[in-house]
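A.B. asks: Take a look at the letters that make up each chain.
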Amino acid sequence: MIVCEQLHKSYPMGHGLKKVLNGLNLRINPGEHVGFLGRNGSGKTTLIKLIGGVELPTSGKIRRHMSISWPLGFGGGFQGSLTGYDNARFIARIYGHDYRDIRDFVEDFTELGGQLKMPVKTYSSGMRARLAFALSLAIEFDCYLIDEIIMVGDQNFHKKCHVELFEKRGDRALIFASHSAELVREFCDSAVVLDDGLAHVYEDVNEALDVYVAL
Amino acid sequence: MTSLAAGWRTQRRVISALMVRELVTRFGRENIGFLWIMAEPLLFAGLVGIVWRFMKGPEDNGVGVFAFIASGYIPLTMFRNAVGRSVRVFSVNGSLMYHRQIKILDFMVVRFLIEMIGAMMAYVFIAALLMSFGEFPVPADLGPFFLGWLLYCLFSFSLCLVLAPLSEMSDVLEKFIPVTIYISIPFSGTFSMLSWFAPEAQKWMYYSPFVHAMEMMRYGIFGSRVNATWDVSVPIAASIVLLLIGLVLCRRIRRQLVVE
Chain A
1 MIVCEQLHKS
11 YPMGHGLKKV
21 LNGLNLRINP
31 GEHVGFLGRN
41 GSGKTTLIKL
51 IGGVELPTSG
61 KIRRHMSISW
71 PLGFGGGFQG
81 SLTGYDNARF
91 IARIYGHDYR
101 DIRDFVEDFT
111 ELGGQLKMPV
121 KTYSSGMRAR
131 LAFALSLAIE
141 FDCYLIDEII
151 MVGDQNFHKK
161 CHVELFEKRG
171 DRALIFASHS
181 AELVREFCDS
191 AVVLDDGLAH
201 VYEDVNEALD
211 VYVAL
Chain B
1 MTSLAAGWRT
11 QRRVISALMV
21 RELVTRFGRE
31 NIGFLWIMAE
41 PLLFAGLVGI
51 VWRFMKGPED
61 NGVGVFAFIA
71 SGYIPLTMFR
81 NAVGRSVRVF
91 SVNGSLMYHR
101 QIKILDFMVV
111 RFLIEMIGAM
121 MAYVFIAALL
131 MSFGEFPVPA
141 DLGPFFLGWL
151 LYCLFSFSLC
161 LVLAPLSEMS
171 DVLEKFIPVT
181 IYISIPFSGT
191 FSMLSWFAPE
201 AQKWMYYSPF
211 VHAMEMMRYG
221 IFGSRVNATW
231 DVSVPIAASI
241 VLLLIGLVLC
251 RRIRRQLVVE
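Protein chains in written order, with the numbering used here: chain A, 1 to 215; chain B, 1 to 260.
Any given hint could turn out to be false.
Here are the simulated distance ranges between beta carbons [as the list claims (entries may be wrong)]:
no., chain 1, residue 1, chain 2, residue 2, range
1, A, L215, B, I183, 56 to 64 Å
2, B, V138, A, D108, 24 to 32 Å
3, B, T25, A, L215, 39 to 47 Å
By construction, these hints were calculated from the structure, which means they are not laboratory data.
All values derive from a computational prediction rather than experimental measurement.
Glycine included, C-beta positions come from ideal geometry on N, C-alpha and C.
My request is simple: use the sequences and hints to build the entire structure.
C.D. replies: The structure is reproduced here in structure tokens:
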């Protein structure tokens, strides 16, 4: 379970402050698949970063009662000058896993072949997505944080994610920020619309999508 | 107790993983790799030693010029590089914050350890090299030497812990750091013993934590040929004060850190 209580987050902007989250409350239960919806700049990525512990809230509290992946998104998580293999080795080390197991899974899942010997900064966003997913699936978390990036993958990648994430790991929680109505409908069983720095929870994904479209 | 042990294991794993990552990103796997870290202190100590040797002859105040320069320059380059590595260390390593088990102190410690180990290797290498030419004495007493080295490192690290968050808070401060260090060199004991100064100047130099550590190291190497005096409480007290300020500042920076 993840509980967010009275989360505030503001960033310095010129001489003032930009308030992104404004006393947000949210609760994510084990095994729940939640979609985050909201316009650009509504705080989806910020909230995911706070839940993942990448940034800290200005005030408020996050209680984490399950293991949470690092946010899988377009930036961060990797050292661009290191190769795919080096990044895998580093992540295996800090999470205390055996490198050989991780490597085998990464090779199999990403299908990147010799590209894994190249620095990650030379990867396309689809290739990065494959690597990030492979590593976080190999480590095994109770909750996966996904920020958009699933969209950049091709058909084959979507299929793999479906098998690994929804069939083999169906009991895990999932937080998925996206602008794609189709993917949210496919992956999530509830949705949160972020507006005015607050979270509005909808048990029915279609209802949430209607609200989101009307924003 | 078990959670404490588990925490300690995680800490060790993180530190060693960061160490490898830092070494690979900085030095690569090609040619001599990590040994590059010795190149700068070697060149500095060697070339400045040659210049001084021509200017002052083989001996100055009763000790070999080469050995004296090497014993001053190696700690100084360690300190300067450590400070250079601390500037903006948090924004540079932002992507590491994606993994919750990595704390900002971890990569501060790792960067400092690499400089410290590199400088120690350079020291041993230079001393061995100079000794083979008869330009470096057999160390008189390694006890004070190592204690002095540790105090020098402790104070350097404490200072880095304050400068690193300050460099994130203000661009102006960041620009002033290199020149401040340059100006402080004469007060660091790098090129002189405390006893070479006039009594009035010695009073002021007494407050420089570096001077005490330097005197200890010099005594450890040259023994009674130098007139060394020191008081360990100066560097220890200064380090404790800086460490406390540094920890508070680092905590504050972590709260405000914006990660891409």
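A.B. asks: Give a verdict on every hint.
C.D. replies: Evaluation of the provided hints:
no.: 1; hint: A:L215 - B:I183: 56 to 64 Å; verdict: holds (57 Å)
no.: 2; hint: B:V138 - A:D108: 24 to 32 Å; verdict: violated (59 Å)
no.: 3; hint: B:T25 - A:L215: 39 to 47 Å; verdict: holds (43 Å)
Against the hints set out earlier in the document, a violation occurs for number 2 only.
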